[in-house]
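Q: Residue numbers (the working numbering), protein chains in the order written: chain C, 1 to 578; chain V, 579 to 961.
Bear in mind the hints are in silico, worked out from the structure with no lab data behind them. These figures come from a predicted structure and were not determined experimentally. Do not rely on the hints blindly, as some may be mistaken.
Once the Cα atoms are required to be at most 27 Å apart in a straight line, the calculated DSS-like pairs of lysine-lysine come out as [claimed, not checked]:
| hint | chain 1 | residue 1 | chain 2 | residue 2 |
| --- | --- | --- | --- | --- |
| 1 | V | Lys712 | C | Lys495 |
| 2 | V | Lys628 | C | Lys494 |
| 3 | C | Lys573 | V | Lys748 |
| 4 | C | Lys87 | V | Lys769 |
| 5 | V | Lys648 | V | Lys604 |
| 6 | V | Lys838 | V | Lys738 |
| 7 | C | Lys312 | C | Lys342 |
| 8 | V | Lys648 | V | Lys665 |
| 9 | C | Lys376 | C | Lys356 |
| 10 | V | Lys643 | C | Lys87 |
| 11 | C | Lys494 | V | Lys738 |
| 12 | V | Lys791 | C | Lys92 |
| 13 | C | Lys3 | V | Lys712 |
| 14 | V | Lys688 | C | Lys7 |
| 15 | V | Lys712 | V | Lys769 |
| 16 | C | Lys495 | V | Lys747 |
| 17 | C | Lys7 | V | Lys748 |
| 18 | C | Lys87 | V | Lys738 |
| 19 | V | Lys838 | V | Lys688 |
| 20 | V | Lys658 | C | Lys495 |
| 21 | V | Lys652 | V | Lys677 |
| 22 | C | Lys573 | C | Lys494 |
| 23 | C | Lys2 | V | Lys748 |
| 24 | V | Lys754 | C | Lys87 |
| 25 | V | Lys658 | C | Lys3 |
| 26 | V | Lys788 | C | Lys87 |
| 27 | V | Lys747 | C | Lys92 |
| 28 | V | Lys754 | C | Lys2 |
| 29 | V | Lys769 | C | Lys3 |
| 30 | V | Lys652 | C | Lys92 |
| 31 | C | Lys87 | V | Lys658 |
| 32 | V | Lys688 | V | Lys712 |
| 33 | V | Lys800 | C | Lys92 |
| 34 | V | Lys838 | V | Lys747 |
| 35 | C | Lys495 | V | Lys738 |
| 36 | C | Lys10 | V | Lys643 |
| 37 | V | Lys712 | C | Lys573 |
| 38 | V | Lys800 | V | Lys788 |
| 39 | V | Lys747 | C | Lys10 |
| 40 | V | Lys658 | V | Lys866 |
Below are the chains, spelled out letter by letter.
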Amino acid sequence: MKKHISKINKYLLEHYPTIWNTRLVWMLSISIIIHLLFFIGGLLSLVNPASLHNRRAIDLFFDSGLYNFGILISIIMLVVWLIFLFKNNSFKSFYPNTRLQIFQHFVIYFVIIFFSTSFYFSFTLGIKLYIDSSYETETIQEEITLANNTALFFSHGIDQYKIGNRKHPRPFDSIFCETRSAYIKDDSLTFKFLSDTYQFYSLRTEIINNEKDNYYYGNSTEDYVYRKTNDSLTTYFFKDSIIDIRKHIETVAPSYYNHSKTFYNSNKDIYHEDYLYTTDYGLFDFDDNDKRLIRSRINNELLKRNNPNEIKAMLSDFLQILNLYKVEHNISADEWFQLIYKPDNFEINSFIRSSKPLPYERDFIYDASERTELEKFVAKNTTDYYMETSSLYNAFDNIEEIKSKNIFEDIIHFYCWFAFILASLIFIFRITGLRPFIFSVIVVTVLMTITALLATVVFQATNDDFGIYFIEYFILIIGTIILAIPIFYAEHVKKGIVAVCLNISIVGFLLYVLLIIGIISTHQANYCDTLSIEERVDCFILIESLGIYTSYILFVLGFIFLFFYSRIIKNWKALPEQ
Amino acid sequence: MTELQSRINEILKFFDNNDISLGYRKLLDCIIDTQDLSLYEDAIELTDWKEKFPEETEEIIQRSKSILEKVSKKDIKPYKTDESTIKVDVINKSYGTNKFSLGPISLEIKKGDVYGLVGENGNGKTTLLRILAKEISHDSGDIVYNFEETPNSTYDLRTKLVYIPQRTKKWYGSLKDNLKFVLSSYGVNPKENETRVLMMIARMGLWNYKHLKWSELSSGYKMRFELARTLLRKPEVLLLDEPLANLDVLAQQLILEDLKSICNSINNPIALILSSQQLYEVEKVSDKVIYLENGKQNDEIEDKKDTDAKLIIEIDSTVEREPLEQSLHHLQLDKLIYNGGIYIAYFDASTSFSSVMKSLGEHNIEVTYIRNISQSTRRFFVS
């Protein structure tokens with residue numbers, strides 16, 4: 001092995017001195033091995049379906065603390081690498097170096113740092129690959145459909161089974177059920193079940209064009225009960241008149257007929273995204289109204305068919321899914337069927353827990369005398385059966401999220417910029433040495449302090465706009481001077497000072513470009529503020545228009561800059577001291 | 579007789595006189611001049627064998643002669659140019675008012691020449707070398723560099739100006755890898771890299787030290803490795819600041835002889851400027867000597883060489899002043915100066931050095947060291 005390594009080193013040293021010096025091959029080899037281990041780790045981390053029971057399994061790298069381990073490995077790798085890197089420096093020794101070779105050094109530093117720190121991607125890719133290969137999209141959709149169809153029999157609490165949830169048949173699809181006693185107007189048209197009172201209202205709508213009209217800002221009970229936004233139009237729904245629904249209902253008691261909530265909304269469904277939900281009526285569950293209509297219809301049809309075999313088979317299939325995902329439960333299909341099958345009007349009078357009862361749980365329940373009639377009813381009829389359906393929900397959610405997630409989408413920016421900045425710092429340290437590096441840090445700190453002090457004074461003395469402009473242009477002038485010295489005045493200024501400017505230019509050039517974009521955008525934003533609301537919609541602001549592409553543009557620009565700047569670096573190195 | 583033939587004859591004489599070490603070094607110099615890698619490999623193999631069996635002198639000589647035979651068949655074209663590699667024209671350097679200033683200094687050096695830069699501490703030797711290496715700027719005057727290939731940038735020029743400071747930096751990693759890194763950085767054919775490095779190691783007498791770590795080397799060998807690294811860069815100019823510092827007398831002589839020999843290559847001569855306080859040793863190998871005094875170039879050396887013909891002798895003796903003075907009095911002694919450690923005796927030009935030694939012997943004067951410094955810059959130091 002040692003002989004093999006020596007042989008490769010000899011070859012690299014003789015053929016590719018830059019690669020030998022930077023230990024690119026070894027660092028990449030070690031990185032790839034570690035990436036592979038992380039990838040295998042990711043691949044195995046979700047083998048047990050129970051690991052999908054918690055939310056955001058995609059973030060397992062961070063949530064499991066694995067990132068600490070990754071950071072530790074990265075630090076060890078980079079420290080060892082730096083020790084080897086600093087053994088030789090052809091640039092410092094005045095060995096022939098072309099511009100391209102100088103640029104190559106930087107690129108190699110970047111590649112090494114990126115590969116030595118980005119274990120997140122391998123681990124998450126492992127996770128994604130495992131989920132993609134283990135869970136077929138069609139199967140998952142079938143399981144979701146079955147879970148949603150069975151969800152009306154979950155019997156977790158009473159809320160979803162109250163009459164107010166019913167959305168099928170007509171007129172339940174277009175009415176609003178008021179349950180707050182303070183807002184119930186006419187006692188004659190109310191319905192009571194134990195301590196609960198219900199009153200039904202028809203709805204009227206108002207449509208607002210968001211681009212032309214002002215938004216509707218409500219804060220009273222007369223406000224809309226929910227709203228629906230479609231492109232530029234928002235439809236507001238208001239309570240209109242009380243209606244009598246006696247002829248439409250079999251019973252006012254909680255019933256499986258009333259269940260209309262979809263257990264799991266697949267990300268394959270898109271139509272519910274049109275909604276923006278009011279926060280005024282947080283007590284009421286108005287989300288996914290259209291979905292509720294459909295779900296209520298499906299549930300009602302199932303119950304109307306009243307086919308015990310069909311229901312039993314459905315329960316049995318669902319329990320199999322629970323078993324498949326290792327979701328904890330203690331109920332059999334028969335026991336469950338016995339609890340829910342009330343063919344007369346499918347009233348619910350047995351409840352199933354949504355989690356395993358804790359030992360001595362009953363000791364912690366508050367005083368029974370403080371309970372409402374409804375709560376007493378629920379408490380009395382809650383069985384010892386349980387199904388942790390939220391775990392199944394999380395499992396579906398995790399699978400769908402992992403399948404649809406582009407793992408490189410956002411976090412790649414962080415890793416790229418981290419590698420870029422660290423590579424820049426190592427690069428300037430290698431080029432100009434320790435002393436200019438330290439002086440550069442000191443100069444930047446002093447300049448930042450001066451700028452901050454100036455900003456404080458200016459903002460106190462003038463208005464915000466002037467203050468922003470003043471600081472932006474102040475930094476721009478300082479930045480321009482720093483950039484200009486190594487390019488135009490290197491031979492007239494002390495080499496040490498040029499070195500400091502060179503260092504700051506290399507690390508700060510992209511911030512300089514960002515500052516220019518910022519200044520342009522500030523001017524544009526201020527101009528846009530002078531326009532009318534209609535004109536403002538099309539007002540162009542550079543930084544907003546670039547969005548996330550700013551990161552990509554600056555990143556590419558950084559490399560281009562360093563390629564061309566390598567000539568300045570060479571010129572600086574050749575300067576004599578004064 | 580060609581230059582090569584004359585050198586081969588010289589080497590043969592060394593071997594005939596059993597001066598193996600010197601002959602072998604000269605042989606390696608000739609082999610390096612051939613630039614023939616097969617001969618390099620022969621030399622490397624022989625060096626390896628020689629280090630393993632140092633007692634086998636007969637065979638070493640025989641095998642050396644055999645390689646020399648091959649060398650003699652090569653055609654080495656001597657380097658010929660009359661142009662100066664560096665021409666310095668009245669340069670000055672000042673470190674602010676009332677501080678040290680160097681210059682005016684003018685000099686010219688050609689390839690193959692060795693320039694000795696002498697002077698006491700703080701007289702500007704290092705400053706001058708660093709100015710020549712373009713490490714520091716000068717205030718006025720011109721320096722013209724004339725290389726085989728015209729540098730296309732200042733950085734390119736500095737890759738050709740090889741300067742070794744007095745305190746060399748530590749090497750990290752394998753010594754051989756450091757040497758190979760130089761060649762690969764200079765774009766030497768990968769197939770030749772190992773051979774050329776081993777040849778240089780052999781030439782600099784580092785064969786048995788190539789596997790050591792930097793920290794395990796003595797100062798002398800560190801300097802030799804530094805020179806090896808430098809010479810691999812095929813410099814046209816070599817600027818050495820106090821290369822003899824921290825070396826014992828033998829090592830000093832050896833390294834100077836090597837430098838002189840290497841710089842005097844038939845086809846790749848090097849212009850060498852070195853600073854030192856070891857006057858005797860430097861003067862021995864230098865073609866020219868610059869004496870710096872308070873930053874000024876002392877031209878007395880050149881001027882006085884022919885005109886001032888006084889006999890000046892440095893004597894280290896334990897005897898009292900009186901008996902010494904009596905023993906020399908009849909030899910037209912002008913003055914006798916005792917500086918606490920040694921005596922400096924000034925005689926009339928008609929007095930010969932041998933008559934002084936004869937008189938000291940006749941008067942039974944115990945002498946531990948005696949040297950004629952009439953033509954040496956040493957006389958400026960001791961006067």
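Q: With reference to the structure, classify each hint as holding or not holding.
A: Verification of the supplied hints:
1. Restraint check: the Cα-Cα separation between lysine 712(V) and lysine 495(C) comes to about 13 Å, which is no more than 27 Å; the hinted pair holds.
2. A hinted pair counts as satisfied when its Cα atoms are at most 27 Å apart, and lysine 628(V) with lysine 494(C) does not qualify at roughly 53 Å.
3. Under the criterion of a C-alpha separation no larger than 27 Å, the hint pairing lysine 573(C) with lysine 748(V) is consistent with the structure, at around 21 Å.
4. Simply put, lysine 87(C) and lysine 769(V) have alpha-carbon atoms about 24 Å apart, close enough for the 27 Å limit, and the pair holds.
5. Proximity of lysine 648(V) to lysine 604(V) is assessed by CA-CA distance (about 15 Å); at most 27 Å being required, the pair is judged to hold.
6. Taking the CA atoms of lysine 838(V) and lysine 738(V), the gap is near 19 Å; set against the 27 Å cutoff, the hint holds.
7. Between the alpha carbons of lysine 312(C) and lysine 342(C) the distance comes to roughly 13 Å, so the proposed pair stays at or under 27 Å and holds.
8. The hinted pair formed by lysine 648(V) and lysine 665(V) fails the criterion: a straight-line CA distance of about 39 Å is larger than 27 Å.
9. A C-alpha spacing of about 20 Å is found between lysine 376(C) and lysine 356(C), which places the hinted pair at or below 27 Å, so the restraint holds.
10. For the hint pairing lysine 643(V) with lysine 87(C), the CA-to-CA distance comes to about 41 Å; that exceeds 27 Å, so the pair is violated.
11. For the hint pairing lysine 494(C) with lysine 738(V), the CA-to-CA distance comes to about 23 Å; that is within 27 Å, so the pair holds.
12. Distance check on the hinted pair: lysine 791(V) and lysine 92(C) sit about 22 Å apart at the alpha-carbon level, within 27 Å; holds.
13. Between lysine 3(C) and lysine 712(V) the CA atoms are separated by roughly 43 Å; this puts the pair beyond 27 Å, and the hint is violated.
14. This hinted pair does not check out: lysine 688(V) and lysine 7(C) have alpha carbons roughly 42 Å apart, beyond 27 Å.
15. Using a Cα cut-off of 27 Å, the hinted pair lysine 712(V) and lysine 769(V) is violated, with the two alpha carbons roughly 34 Å apart.
16. At most 27 Å may separate the alpha-carbon atoms for a hinted pair to count; lysine 495(C) and lysine 747(V) meet this at roughly 21 Å.
17. For the hint pairing lysine 7(C) with lysine 748(V), the CA-to-CA distance comes to about 25 Å; that is within 27 Å, so the pair holds.
18. Of the pairs offered as hints, the one joining lysine 87(C) and lysine 738(V) holds, with about 22 Å between alpha carbons and a cut-off of 27 Å not exceeded.
19. Taking the CA atoms of lysine 838(V) and lysine 688(V), the gap is about 14 Å. The hint holds against a cut of 27 Å.
20. Annotation: proposed proximity of lysine 658(V) to lysine 495(C) is violated, straight-line Cα distance about 38 Å (limit 27 Å).
21. Straight-line distance between C-alpha atoms of lysine 652(V) and lysine 677(V) comes to about 56 Å, which puts the hinted pair past the 27 Å bound.
22. At most 27 Å may separate the alpha-carbon atoms for a hinted pair to count; lysine 573(C) and lysine 494(C) meet this at roughly 12 Å.
23. Of the pairs offered as hints, the one joining lysine 2(C) and lysine 748(V) holds, with about 26 Å between alpha carbons and a cut-off of 27 Å not exceeded.
24. For the given pair, lysine 754(V) sits about 13 Å from lysine 87(C) by alpha-carbon distance, which is consistent with the 27 Å threshold.
25. For the given pair, lysine 658(V) sits about 47 Å from lysine 3(C) by alpha-carbon distance, which is inconsistent with the 27 Å threshold.
26. Taken as a hint, the lysine 788(V) and lysine 87(C) pair is honoured in the structure, with Cα atoms around 17 Å apart against an allowance of 27 Å.
27. This hinted pair checks out: lysine 747(V) and lysine 92(C) have alpha carbons roughly 12 Å apart, not beyond 27 Å.
28. A C-alpha spacing of about 17 Å is found between lysine 754(V) and lysine 2(C), which places the hinted pair at or below 27 Å, so the restraint holds.
29. A distance of roughly 19 Å separates the Cα atoms of lysine 769(V) and lysine 3(C); the hinted pair therefore holds under the 27 Å criterion.
30. Our distance criterion of 27 Å between C-alpha atoms is broken by lysine 652(V) and lysine 92(C), whose separation comes to about 38 Å.
31. Only pairs whose Cα atoms come within 27 Å are accepted, and lysine 87(C) paired with lysine 658(V) is rejected, the gap being roughly 40 Å.
32. Between lysine 688(V) and lysine 712(V) the CA atoms are separated by roughly 18 Å; this keeps the pair inside 27 Å, and the hint holds.
33. Proposed proximity of lysine 800(V) and lysine 92(C) is supported: the alpha carbons are some 19 Å apart, at most 27 Å.
34. A C-alpha spacing of about 24 Å is found between lysine 838(V) and lysine 747(V), which places the hinted pair at or below 27 Å, so the restraint holds.
35. Only pairs whose Cα atoms come within 27 Å are accepted, and lysine 495(C) paired with lysine 738(V) is accepted, the gap being roughly 21 Å.
36. With a C-alpha separation of about 33 Å, the suggested pairing of lysine 10(C) with lysine 643(V) is violated against the 27 Å cut-off.
37. The straight-line distance between the Cα atoms of lysine 712(V) and lysine 573(C) is roughly 11 Å, inside the 27 Å bound, and the hint therefore holds.
38. Between lysine 800(V) and lysine 788(V) the CA atoms are separated by roughly 11 Å; this keeps the pair inside 27 Å, and the hint holds.
39. Between lysine 747(V) and lysine 10(C) the alpha-carbon distance is near 24 Å, which keeps this suggested pair within the 27 Å criterion.
40. Of the supplied pair hints, the one linking lysine 658(V) and lysine 866(V) holds, its CA atoms being roughly 20 Å apart against a limit of 27 Å.
Of the numbered hints stated above, those contradicted by the structure are hints 2, 8, 10, 13, 14, 15, 20, 21, 25, 30, 31, 36, listed in ascending order.
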